[in-house]
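So the protein sequences, as listed, match chains R and H.
Mind the numbering: the first sequence is residues 0 to 250 in numbering that gives the first Met the number 0, read in order.
Mind the numbering: the second sequence is residues 0 to 248 in numbering that gives the first Met the number 0, read in order.
No lab work stands behind these hints, which were simulated from the structure alone.
Since we're looking at a predicted model, the values are computed, not measured.
Please note that a few of the clues may not be correct.
[To be verified] List of simulated lysine-lysine pairs, BS3-like, C-alpha gap at most 25 Å:
hint: 1; chain 1: R; residue 1: K3; chain 2: H; residue 2: K127
hint: 2; chain 1: R; residue 1: K87; chain 2: R; residue 2: K147
hint: 3; chain 1: H; residue 1: K202; chain 2: H; residue 2: K215
hint: 4; chain 1: R; residue 1: K242; chain 2: R; residue 2: K87
hint: 5; chain 1: R; residue 1: K84; chain 2: R; residue 2: K147
hint: 6; chain 1: H; residue 1: K89; chain 2: R; residue 2: K84
hint: 7; chain 1: H; residue 1: K89; chain 2: H; residue 2: K111
hint: 8; chain 1: H; residue 1: K127; chain 2: H; residue 2: K89
hint: 9; chain 1: R; residue 1: K242; chain 2: H; residue 2: K89
hint: 10; chain 1: H; residue 1: K106; chain 2: H; residue 2: K127
hint: 11; chain 1: H; residue 1: K23; chain 2: H; residue 2: K230
hint: 12; chain 1: H; residue 1: K89; chain 2: H; residue 2: K112
hint: 13; chain 1: H; residue 1: K127; chain 2: H; residue 2: K111
hint: 14; chain 1: R; residue 1: K147; chain 2: H; residue 2: K230
hint: 15; chain 1: H; residue 1: K112; chain 2: R; residue 2: K242
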Amino acid sequence: MHAKDLIQKSTYILIATIILLASWHIFSLLLRTPALPVPLAALQSFARLLPDELMPHLTISFYRVALSLLIATVLGVPMGLYLGKNQKADEFSAPLIYMTYPIPKVVFLPIFLILLGIGNISKIVLITLVIFYLILVTTRDAARNLSKEYVLSVRSLRAGELELYRHVYFPACLPAILTSLRLGLGMAMSVLFLVETYATREGIGFFIMNSWSSLAYDKMFAGIIAMGLMGFLLYLLLDACEKVLCSWVHL
Amino acid sequence: MEYLLIEALQVSYRQNNQHTPALKDFSLSLPFGSIGVLIGPSGCGKSTLLSVLADLNRNYQGTVLINGRSPQECATTALILQEYGLLPWKTVGDNIRLGLQIRGCSKQEIAKKTEKILHRLGLSGLSKRYPAQLSGGQRQRVAIARSLVLEPELLLMDEPFSSLDALTREEMQVLLLQLWQETRLTILLITHNIEEAVFLGQKIFVMSACPGTIIKEYTNPLAGGYSTRGKMGFLELANSLRAGLRGLN
Ligand SMILES: Nc1ncnc2c1ncn2[C@@H]1O[C@H](COP(=O)(O)OP(=O)(O)OP(=O)(O)O)[C@@H](O)[C@H]1O
Ligand SMILES: [Mg+2]
């Protein structure tokens, strides 16, 4: 059963890869521009650059994204659950959240650079801030819409507040939390690229922009492939989490 | 001896800054170890009453005593909700264990008690399944198991068998009677089904439309007789109940 699932999944991934590479190849033949090399050339330079040049950039980028996701989850989930459970606090905080949520957080990059320096912290804080809102709002709404009957039935077992969070609110909202993490990952990757093109010489975003400005398109695409793979691996990780933690959803 | 004593109970809900009473001047008493059945029109406050008894709603006026204690002090009450309230993210076994876990029982004790109740309710093979993988009757059994594993003194049931087919329903009624005989629980059960009320209820309380109050009370000697279904007295009582309820709608 499990082996069969795995084989099927790998087959789908393989097919997707082939489709992607084929359309890329066709496009690059049609466009005939050095800005879009054929996939084979890009893959070759990816393989050549990966061990020495790409790896340090990839590591630092991975560290920035993963840590941001982690911090945003640790902050956003408990707050979201709390607000979804407590109507008063929710009503009080809703205007504040809705007034700050739509502001593109990226505009604060200059402030963060001044306040937190040009190191990792300012980047991580910015990415965290972006995903935090997403997780907060999604978790809050999921907790808010939780069916009353679950809460009542567990309260009738004399559960305290903490037990309600543990046995009812958290597991009930977990599918929504994982969805918000998946969405957040996409946002995190684009913010990552942006913050890595300012005032830094590290990270995959810098690598891509740097290759671009020196017109090394094969290098640039090696960087894009690396970034895509990193996101893909993180998605696979989140999917695996959902399989393990939310098996009850897929019955 | 009266186990459950309710006098002049009044409960209202606030909606748009208006108090709408759900229960008004509600009085009821139920002896220890007996089965009481509440029957009444939809929306008359039956579920509201159970939420007061289960200490889910402390916003009431009047006297509510369970074995001489207020619902808040009384930790031996179990409630089974209209929709069972089983947690879909926990397996059958984990659902049943939950109450014991919350009480802080030891691992061995939890395992022993869970095993016993699973066996008693014929759920032994199902403990690893999720509620979504069960039939309606099995779900109801799990809900009963989850309550009984706590060895309650008072069992409150809100229309427990309403979504089951006729045969499963009768099977569950018999199971409930057996469990009641084994444990000598006091049971207060809500139903919309007149036959069920007569079959199970040693005392049958008929409620008025909202705001609910008790307008008639029957003492029913036929309750719990496995062979009384369809007998003369059974049908007479059922008809009298039916006439009483019809006057309300
Ligand atoms: N949370 C609430 N807020 C406001 N009004 C409520 C609330 N819950 C119930 N009510 C009202 O109180 C009354 C009694 O409701 P309750 O749920 O106790 O009825 P019931 O007898 O259990 O009905 P049914 O047989 O349909 O389950 C109804 O008129 C209902 O509209
Ligand atoms: Mg009800």
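Exercise for the section: Give me the numbers of the hints this structure contradicts, sorted from smallest to largest. Expected result: 4, 11, 14 and 15
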